[in-house]
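Residues per chain are reported as follows:
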Amino acid sequence: MVEQLIANLRGFIPEVSLAVTFCVALVAGLIVKKHQQEFISVLALVGTLIAGVFVLIYADQSQTLFSGMIVADPFATYFKVVITLCSIIIILFSQYSSEVQQTVKRMGEYYALLVAMTLGMFLMVGATNLLMMVLAIELTSLTSYILSGYTKEATDSSEASLKYIIYGALSTGLMLYGISILFGLTGATDMFGVNQALAAGPVNAIALLIASILIIAGFGYKISAVPFHFWTPDVYEGAPVTITAFLSVASKAAGFAVMIRFFKVCFIDSNVVGLPAGMWASLQGFEWNNLVAILAVLTMTLGNLVAVWQDNMKRLLAYSSIAHAGYMLMGVVVLSDKGVAAVLIYFAVYLFMNLGAFYCVMLVANKLGSEHIDSYKGLGHRAPLLSTAMVVFFISLAGLPPTAGFIGKLYLFAALLDAQWVWLAVIGALNSVVSLYYYVRVVRNMFLRDPEGSAEPVALPVAQVVILLALVIPTLVLGLYFGPLVDFANASVVMFGLP
Amino acid sequence: MQEFLNWLKTPGLTHFLIVSGILFSLGVFAVLTRRNAIMVLMGIELILNAANINFIAFSRYSTGTLDGQVIAIFVIILAAAEAAIALAIVLNIYQNFNTVNVDEFNRLRD
Amino acid sequence: MLTEFGKILIFLILGAVFVAGGLVTSWILRPKRPYPEKLSSYECGEEPVGNAWVRFNVRFYVIALVFLIFDVEVVFLFPWALVYRELGLFAFLEMAVFLIILLVGLAYVWVKGDLDWDKPKPEIPMLKRSVNLVQPKEVQEPTPV
Chain A
1 MVEQLIANLR GFIPEVSLAV TFCVALVAGL IVKKHQQEFI SVLALVGTLI
51 AGVFVLIYAD QSQTLFSGMI VADPFATYFK VVITLCSIII ILFSQYSSEV
101 QQTVKRMGEY YALLVAMTLG MFLMVGATNL LMMVLAIELT SLTSYILSGY
151 TKEATDSSEA SLKYIIYGAL STGLMLYGIS ILFGLTGATD MFGVNQALAA
201 GPVNAIALLI ASILIIAGFG YKISAVPFHF WTPDVYEGAP VTITAFLSVA
251 SKAAGFAVMI RFFKVCFIDS NVVGLPAGMW ASLQGFEWNN LVAILAVLTM
301 TLGNLVAVWQ DNMKRLLAYS SIAHAGYMLM GVVVLSDKGV AAVLIYFAVY
351 LFMNLGAFYC VMLVANKLGS EHIDSYKGLG HRAPLLSTAM VVFFISLAGL
401 PPTAGFIGKL YLFAALLDAQ WVWLAVIGAL NSVVSLYYYV RVVRNMFLRD
451 PEGSAEPVAL PVAQVVILLA LVIPTLVLGL YFGPLVDFAN ASVVMFGLP
Chain B
1 MQEFLNWLKT PGLTHFLIVS GILFSLGVFA VLTRRNAIMV LMGIELILNA
51 ANINFIAFSR YSTGTLDGQV IAIFVIILAA AEAAIALAIV LNIYQNFNTV
101 NVDEFNRLRD
Chain C
1 MLTEFGKILI FLILGAVFVA GGLVTSWILR PKRPYPEKLS SYECGEEPVG
51 NAWVRFNVRF YVIALVFLIF DVEVVFLFPW ALVYRELGLF AFLEMAVFLI
101 ILLVGLAYVW VKGDLDWDKP KPEIPMLKRS VNLVQPKEVQ EPTPV
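Chain order of the listed sequences is A, B and C.
According to the numbering used here, the stretch in the first sequence is residues 1 to 499, in order.
According to the numbering used here, the stretch in the second sequence is residues 1 to 110, in order.
According to the numbering used here, the stretch in the third sequence is residues 1 to 145, in order.
If we strip away everything but chain A, and leave its shape as in the complex, we get (with noise of 0.2 Å):
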């Protein structure tokens, strides 16, 4: 029995690393000096790296862990690999962010705390039991609800950080009832029993549904789909922005990883004969997808239709990440490895693109302390460089050619058609026309209109551009040179003990 945990504390040494980290880094914040706390910052980016490294070295394996409470497995390395990413690039932002440098006495908690945050993730991405994907889960939210209201001292901040908790707190209970139920119809904690036990004969088809739908109030709140998002304006606009890029990118990541996982090992029947390679069938006839179809829609078009008439630019991209969850649950909805490979490439492509939107936001804030959409006039002529980028993401973001959001959308929609669900890709396109307009909008102030009081030029750090550079490339480089990154996703939709 030791032997065997040893032998399991191999395949965690990721978390194992992260968790080290974090204690490391909450020390240090107590003993360094006020004027060397970038020291800490360092520590942080230096543990995070290291777990990265070791998710590599370990990307081969797939293997349950500590008796069925986690799997290491391609799937959840995938997810791992874009959050490892995504925490990297919030902590090098988190050097240049005004608003935490401010607060320099508690360094050590913010990175702590963001380290703690990337580790729920990590968990929640490898987790197969209930017990622990309730745990990962609320490991990641406490830590974001500290983290939103890191600034305490800004109202906005304060009033960011209870909305966030009074509806985490709401949804957490929500989906524990739902376990509750789904415990009592299987009598299992595990996600393979739940699925055995669905397999072995039929259950009370109401109470099913019931927990289901407590369930996904859990996960919808996690990736802010409607109509569980109503935190996500006002925790947006009111967190650091280093912390809502985190939270828009990265935590939204592990929500889809935890979701996707859940309703494959859960719902799956392994036993169905004569459908294409790639296809699923759920057990019992009970049709989740078309549930999450229905989220789908709603989450895209509200947030879309809603972004058009957004003034702050943290809150404009709020609403179009919910719109991002909209288009990502419809891979969700199609029952197929292509599904899932689809919301893969999407989460990569992403990653860069909108953790890019946030940090142009980020740098305009430093220099012209607003977010208004006004003050953004005539910045393309004051900050070419800065602007530039900026149009790059949007274009992304809409989904044009070539960034590399359009080689996301084509592979979602592809995916969609590929399953017969035209309506569902008539809708997703006719809402990335709308999502043209938002984005437009702010380009037309950038490069079409004159600048409101000072026109003097806005200069950039070099350290600041090369980050913006590391960000704008891959973004475009994504969209002409795509055959990796899909074939890295192909070969991860593979979770373990599943066919």
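Warning: the hint list may mix true and false statements.
Computed far set for chain B versus chain A, every beta-carbon distance over 10 Å [stated by the list, open to error]:
hint, residue
1, Met1
2, Gly12
3, Ile18
4, Ile22
5, Leu26
Sample of chain C residues at the chain A side, in silico, Cβ under 10 Å [to be verified]:
hint, residue
6, Gly88
7, Phe90
8, Ala96
9, Leu99
10, Ile100
11, Val104
12, Lys112
Calculated cross-link-like contacts (lysine to aspartate or glutamate; reagent style DMTMM-like; alpha-carbon spacing at most 25 Å) [what the hints assert, rightly or not]:
hint, chain 1, residue 1, chain 2, residue 2
13, A, Lys33, C, Asp116
14, A, Lys377, A, Asp311
15, A, Lys105, C, Glu4
16, A, Lys152, A, Glu371
17, A, Lys34, C, Glu4
18, C, Lys112, A, Glu38
19, B, Lys9, C, Glu4
20, C, Lys112, A, Glu456
21, A, Lys152, B, Glu3
22, A, Lys105, C, Glu73
23, A, Lys34, C, Asp71
24, A, Lys377, A, Glu38
25, C, Lys112, A, Glu153
26, A, Lys367, A, Glu456
Hints listed in this document are in silico derivations from the structure and should not be mistaken for laboratory results.
Where is the CB? At the ideal position from N, CA and C, for every residue including glycine.
Position chains B and C relative to chain A; hints supplied.
Okay, now just chains B and C, sitting in the frame of chain A:
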């Protein structure tokens, strides 16, 4: 009437599920109607404890394993951690806004 | 034919009747001659000072939060203690790791000073400036320009 009394006298799974259902409904009701942030958080605690009753009842009457009870322990811890953070946030917001009425936090809105 | 729960129900009903009955009979029998001193709350015979509904020091609150966390974590120790004999050294190491992580938290709270109970400094009456018994007759105010 006699049947009902007999049913009351022999507690089984259904009794516990009814209690937990009532607790859950009360919790959701509190969250939806209360305006005081602390009261909303108490409603959420009710929901978590309703789930706990379910877990333990199922564990005792239907599965016969200890899984449900272990989950209940973890849920208690989780509720405590959540309550600690939520109360700290409420304290912070009281210092900023001088109220804990959730209707008055509307600086961030469309 | 009573089940165990039936007995508890009867016990509860009897308890409620006993309390309510005691209150009601004394309310019926006792003479009612209230005066302010009688109505004031009983504080060990001392005269009550102020209202009981005072604001507590916010420090109680921080201590309570810290206590809540560390108190509830102990729940994990009970199941561990039950199976400790079977699992042996490994279980000991596992719990040691858990407790060390908790200790990091405790150290954090300690160093941050949330456990210190700094009393309000007693105000010792002191002269703020050096004794100058001879007051200047008139201080010339600078005339505003």
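Going down the list of hints, with the structure as the test:
{"no.": "1", "hint": "Met1", "in the structure": "holds, 29 Å"}
{"no.": "2", "hint": "Gly12", "in the structure": "holds, 13 Å"}
{"no.": "3", "hint": "Ile18", "in the structure": "holds, 13 Å"}
{"no.": "4", "hint": "Ile22", "in the structure": "holds, 13 Å"}
{"no.": "5", "hint": "Leu26", "in the structure": "holds, 12 Å"}
{"no.": "6", "hint": "Gly88", "in the structure": "holds, 9 Å"}
{"no.": "7", "hint": "Phe90", "in the structure": "holds, 5 Å"}
{"no.": "8", "hint": "Ala96", "in the structure": "violated, 14 Å"}
{"no.": "9", "hint": "Leu99", "in the structure": "violated, 13 Å"}
{"no.": "10", "hint": "Ile100", "in the structure": "holds, 8 Å"}
{"no.": "11", "hint": "Val104", "in the structure": "holds, 5 Å"}
{"no.": "12", "hint": "Lys112", "in the structure": "holds, 8 Å"}
{"no.": "13", "hint": "Lys33(A) with Asp116(C)", "in the structure": "holds, 21 Å"}
{"no.": "14", "hint": "Lys377(A) with Asp311(A)", "in the structure": "holds, 12 Å"}
{"no.": "15", "hint": "Lys105(A) with Glu4(C)", "in the structure": "violated, 59 Å"}
{"no.": "16", "hint": "Lys152(A) with Glu371(A)", "in the structure": "holds, 19 Å"}
{"no.": "17", "hint": "Lys34(A) with Glu4(C)", "in the structure": "violated, 64 Å"}
{"no.": "18", "hint": "Lys112(C) with Glu38(A)", "in the structure": "holds, 20 Å"}
{"no.": "19", "hint": "Lys9(B) with Glu4(C)", "in the structure": "holds, 8 Å"}
{"no.": "20", "hint": "Lys112(C) with Glu456(A)", "in the structure": "violated, 44 Å"}
{"no.": "21", "hint": "Lys152(A) with Glu3(B)", "in the structure": "violated, 59 Å"}
{"no.": "22", "hint": "Lys105(A) with Glu73(C)", "in the structure": "violated, 28 Å"}
{"no.": "23", "hint": "Lys34(A) with Asp71(C)", "in the structure": "violated, 33 Å"}
{"no.": "24", "hint": "Lys377(A) with Glu38(A)", "in the structure": "violated, 34 Å"}
{"no.": "25", "hint": "Lys112(C) with Glu153(A)", "in the structure": "holds, 18 Å"}
{"no.": "26", "hint": "Lys367(A) with Glu456(A)", "in the structure": "holds, 12 Å"}
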